[in-house]
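K.L.:
Listed here are the chains, written in short residue letters.
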Amino acid sequence: MNIEKYITQRISENEFQFFSEGNSGKYEMRIQFSEIDAERSIYNLGFGIWNPLLGQLDDQTEVRNGDTDNILATVGQHALEFLIKNPEANLMATGTILKGQLALRTRKYQMGINSNFEFLSEKHNIYGFVAEKVNGEIVGRWPYLKGNWEIFESGTNYDAFLLNLK
Amino acid sequence: MASQIVKKEEAKKSESKVNESKASLNKNGFTAIESHISGYTSFQRKADEMKMFLSLNPIPEGFLKKK
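First to last, the sequence lines map onto chains Z and P.
Take 1 as the starting number for the first sequence in this note's numbering and just add one per residue.
Take 1 as the starting number for the second sequence in this note's numbering and just add one per residue.
These are computed hints drawn from the structure, not numbers from a lab.
For glycine and all other residues, C-beta sits at the position ideal for the given N, C-alpha and C.
Honestly, I wouldn't trust all of these hints.
To be verified - Derived coverage of chain P by chain Z (criterion: at least 3 residues anywhere in the stretch with Cβ under 8 Å from a Cβ of chain Z; other residues may be distant): (1) 44-51; (2) 55-65.
Stated by the list, open to error - Here are the computed lysine to any residue pairs in the SDA-like style, where the Cα-Cα straight-line distance is at most 25 Å: (3) Z/Lys85 with P/Glu61; (4) P/Lys65 with Z/Ser41; (5) P/Lys51 with Z/His124; (6) Z/Lys108 with Z/Val134.
In isolation and in its complexed conformation, chain Z is listed as follows (with noise of 0.2 Å):
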């Protein structure tokens, strides 16, 4: 947790803006956490680059601006943040879900959890997805995928994410 973490700026209420800078330039990102189910308050943590053009995210972007790290490490302060103003919040999180495809997104989720599992897990339940998957492969495609949720081990590598507070 001691990578250093860019300055955000509250957008809505669950909505926050903070800007990458690398060696490929200036990017104004976001992070939003998406209610998929109010009665159980499971919530989706998003974020990604913030086209000011269109108005919307915008997926054909690619940004190798080398501050990775630093992105994630500000995306999961504002996830630990959420979930101390949001208790009863079930937050999701995964990356790249689909055979065939590096899941880059999801294994520096984990790498994130790994580094930080003491820490996390002092004040956080912490549980991860794991896909079907034939030859290392995942089985079928995202969404519509089958697995099972367990309860996070490290060393074993997970397509989803799911974080509580205890």
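Starting from the known structure of chain Z, fit chain P onto it as the hints suggest.
P.N.:
Relative to chain Z, chain P alone:
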């Protein structure tokens, strides 16, 4: 039969090259591939995908924080 095996091996090599290329794209950060596949075009789309994902893979009640 032998030609089929050769073709399969060629397909594997080709796939390997594609994966190497993707690895190269991914090594420093996010890619269009990842952002597109992950549904980050809009938070709402991602939320909708998550709803579908959870309907197929419900989180065990014991894992959820109770209100």
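K.L.:
For each hint, tell me whether it holds in the structure or not.
P.N.:
Going down the list of hints, with the structure as the test:
For the region 44-51 of chain P, the stated coverage by chain Z holds: 6 residues have a C-beta nearer than 8 Å to a C-beta of that chain, and at least 3 were required. Closer than 8 Å: that is the beta-carbon criterion, and the region 55-65 of chain P has 7 residues meeting it against chain Z, so the requirement of 3 holds. Only pairs whose Cα atoms come within 25 Å are accepted, and lysine 85 of chain Z paired with glutamate 61 of chain P is accepted, the gap being roughly 22 Å. For a cut-off of 25 Å, the pair hint linking lysine 65 of chain P to serine 41 of chain Z stands: about 8 Å separates their Cα positions.
With a CA separation close to 23 Å, the supplied pair lysine 51 of chain P and histidine 124 of chain Z stays within the 25 Å bound. Distance restraint check for lysine 108 of chain Z and valine 134 of chain Z: the Cα-Cα separation of roughly 23 Å lies within the 25 Å cut-off, and the hinted pair is therefore satisfied.
In summary, this structure violates none of the numbered hints.
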